[in-house]
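Take the sequences, apply the hints, and build the full model.
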Amino acid sequence: MILSLLYSIYYYSLLFIFSTTVLLIICRSGWGPIPRLLLSLLDKINGRKDVEEEAPILFDKKNLISEISEDGEGKDGEKMMAIGLSLMKNGIASIVRDDMMLGFRHPPSALALLKSKSNVLSKQILHYLGLLFRVTFLFPLRVLLMTFTLFFLTGTAVIVLIHPGLSRKTMLYFGVTFARLFNVSTGLILDFYNKEHRPKSSGLAMANHLTANDIMTIYSDCEEIGYTATGQSHGGFIYPLEAFGGKLTPTLWLDRACNKDRASFQKQVLDYASQPSTYPVLIFPEGFCSNNQTVLQFRKGLFGGDVPIYPLALKQLTRFGDSFWLEDTYLPYLLRCMISWALVIEITYLPEMRREENEASEVFAKRVQNAISSFLERPSSPYDGALKRPADRLLYAEKLKRAISRHFESQIDSSE
Amino acid sequence: MRVTFIVTFSVVDDATLFSVNRKQIERLYARFQSLDKKSFEGQGFLEREDMMGVPELAVNPLGERIVDAFFTLSDSEDGERLNFREFIKILAFFRPIDRSKKNSHNGRADKLKFAFIMYDLNRNGYITREEFKVILNSMVGANITTDQLDKIADRTLEEADADQDGRISFEEFCKAMEKTDIEEKMSIRFLN
Numbered sequence: 000m001i002l003s004l005l006y007s008i009y010y011y012s013l014l015f016i017f018s019t020t021v022l023l024i025i026c027r028s029g030w031g032p033i034p035r036l037l038l039s040l041l042d043k044i045n046g047r048k049d050v051e052e053e054a055p056i057l058f059d060k061k062n063l064i065s066e067i068s069e070d071g072e073g074k075d076g077e078k079m080m081a082i083g084l085s086l087m088k089n090g091i092a093s094i095v096r097d098d099m100m101l102g103f104r105h106p107p108s109a110l111a112l113l114k115s116k117s118n119v120l121s122k123q124i125l126h127y128l129g130l131l132f133r134v135t136f137l138f139p140l141r142v143l144l145m146t147f148t149l150f151f152l153t154g155t156a157v158i159v160l161i162h163p164g165l166s167r168k169t170m171l172y173f174g175v176t177f178a179r180l181f182n183v184s185t186g187l188i189l190d191f192y193n194k195e196h197r198p199k200s201s202g203l204a205m206a207n208h209l210t211a212n213d214i215m216t217i218y219s220d221c222e223e224i225g226y227t228a229t230g231q232s233h234g235g236f237i238y239p240l241e242a243f244g245g246k247l248t249p250t251l252w253l254d255r256a257c258n259k260d261r262a263s264f265q266k267q268v269l270d271y272a273s274q275p276s277t278y279p280v281l282i283f284p285e286g287f288c289s290n291n292q293t294v295l296q297f298r299k300g301l302f303g304g305d306v307p308i309y310p311l312a313l314k315q316l317t318r319f320g321d322s323f324w325l326e327d328t329y330l331p332y333l334l335r336c337m338i339s340w341a342l343v344i345e346i347t348y349l350p351e352m353r354r355e356e357n358e359a360s361e362v363f364a365k366r367v368q369n370a371i372s373s374f375l376e377r378p379s380s381p382y383d384g385a386l387k388r389p390a391d392r393l394l395y396a397e398k399l400k401r402a403i404s405r406h407f408e409s410q411i412d413s414s415e
Numbered sequence: 000m001r002v003t004f005i006v007t008f009s010v011v012d013d014a015t016l017f018s019v020n021r022k023q024i025e026r027l028y029a030r031f032q033s034l035d036k037k038s039f040e041g042q043g044f045l046e047r048e049d050m051m052g053v054p055e056l057a058v059n060p061l062g063e064r065i066v067d068a069f070f071t072l073s074d075s076e077d078g079e080r081l082n083f084r085e086f087i088k089i090l091a092f093f094r095p096i097d098r099s100k101k102n103s104h105n106g107r108a109d110k111l112k113f114a115f116i117m118y119d120l121n122r123n124g125y126i127t128r129e130e131f132k133v134i135l136n137s138m139v140g141a142n143i144t145t146d147q148l149d150k151i152a153d154r155t156l157e158e159a160d161a162d163q164d165g166r167i168s169f170e171e172f173c174k175a176m177e178k179t180d181i182e183e184k185m186s187i188r189f190l191n
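These protein sequence lines map, in sequence, to chains E and R.
For the record, in the first sequence the residue sitting at position 194 is 193 according to numbering that gives the first Met the number 0, with numbers rising by one throughout.
For the record, in the second sequence the residue sitting at position 104 is 103 according to numbering that gives the first Met the number 0, with numbers rising by one throughout.
Each hint should be verified, as a subset may be incorrect.
Beyond 12 Å from chain R on every Cβ pair, some chain E residues (computed) [as the list claims (entries may be wrong)]:
hint	residue
1	V21
2	G29
3	R47
4	I91
5	F191
6	P350
Below, a list of computed lysine-lysine pairs in the BS3-like style, where the Cα atoms sit at most 30 Å apart [claimed, not checked]:
hint	chain 1	residue 1	chain 2	residue 2
7	R	K112	E	K74
8	R	K132	E	K400
9	E	K122	R	K37
10	R	K184	R	K88
None of these hints come from the bench; they were simulated from the model.
Built from N, CA and C at the ideal position, the CB exists for glycine as well.
What follows is the structure in structure tokens.
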């Protein structure tokens, strides 16, 4: 008797929350402050009061090659000493903060966290109860929502294909509603700040890159205009998301652009962004997903034009769930997201920026990178994200040695 | 963790030595813990491999020399283990020099001492031509021939060797560095 009662409560509350959520989103509404209130309740249960998320130590650091670049003056002995001191300073600085891997450090695994709480039995019990709730209630709820989201996506993509003359407003509604449904299925709780700086016309919107789902995260706040996505086809689960999502909003595909020639693709994007009627192109200049502890060096490719740039700063609060993509493939990552309590992300629109006359694209790129990183109170990494790979680090080490030896070359020639 | 801080603070006599505030010490402690990951709970001290495991340091041609200098200057008996107090003490060498304070001279001397130990491979108090060659070789790799390397090492020695004994003492080293802006080249200024 009790069992079937419990089961009914479970079944009906699941159904109720699912259908209410879907209805709210379709009617352009939402749960409002309720999710945040639930999270603060969770904080109280866990006994967390003033939680401050861990942050890296802030100080300016150049990359190794830049560090030694000014040491080429004077006599040989002076050069050698200067280079030695520069390398020493950078070495000590990297003991305090390593900028090559800072953006890729994995958060401690659930098992590790559990072991560290092993002394306090009540905390362990709470954790397991929470896990039980998440797996038996939140996870099925999100699976239901995701299933509905996929149906919605397919349905709207078909509608768009059948009726090519749909108004922009309708297409935007489809895109935003899909994004919001997707977000709620992955357990996302979002807040947007400084909406006065939200892009209102064409240009390039640039954000730091947290997860594979960043596009849906950012798209969900669109009101008057949407974003143009840039795509590179991935396989697996992401494929239908991209293929169909690409019908709901304008997309520029890298693969089909001139035999994957990056330079001409960049030109294509800049030309597109300078036309007044297009949606701003959403770009992630870091090139890689990072864990929000730093902002990786922006790739300068799209900073050479004269279009307005709209920076967006994404910040996550990790104590309810970490959305950094560390798994090898997408599905295990999605699974982990759906089983966590919530993924809490805050997005702030920063004031529009433009390249100054005669400003080099690297300099402008760094300026935009610094705007985002100083807002997030994180270090602005002097290294490209590719250096997370050991092979690329070896190449960098060789490049550094060549740069150092060039300082001595002129002296060698003149003495012979 | 709180208890450890109080102990650390009281053990370190001159708290004004550090121009780092309490929050920065907490962050440095978090960094220390993240480097100390041999066993799950951490060993409470760092060994050389812990530091050499830092990717940016591994790419640095003088990475091993820096770690060696770090451990040489620490107070531990066997020079193989670094606890948090020693970690902070040596990092404090690289604080910006406060010219208004009387110990600004010591700030400069500490930095120069670290640099000297970094070059002095066998720790006999002198830097020899051979030691310069080894350091230079790690900096440039195969990009410079051995002959050219020898020439550069010779010239470096000549420029600094005041008493012409074929090796550089700490005094000669400091004299050679007189013109260098040690403050700018060897300090790290924390921003928060």
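Here's how the hints hold up against the structure:
no., hint, verdict
1, V21, "holds (43 Å)"
2, G29, "holds (35 Å)"
3, R47, "holds (16 Å)"
4, I91, "violated (5 Å)"
5, F191, "holds (26 Å)"
6, P350, "holds (22 Å)"
7, K112/R / K74/E, "holds (23 Å)"
8, K132/R / K400/E, "holds (15 Å)"
9, K122/E / K37/R, "holds (26 Å)"
10, K184/R / K88/R, "holds (19 Å)"
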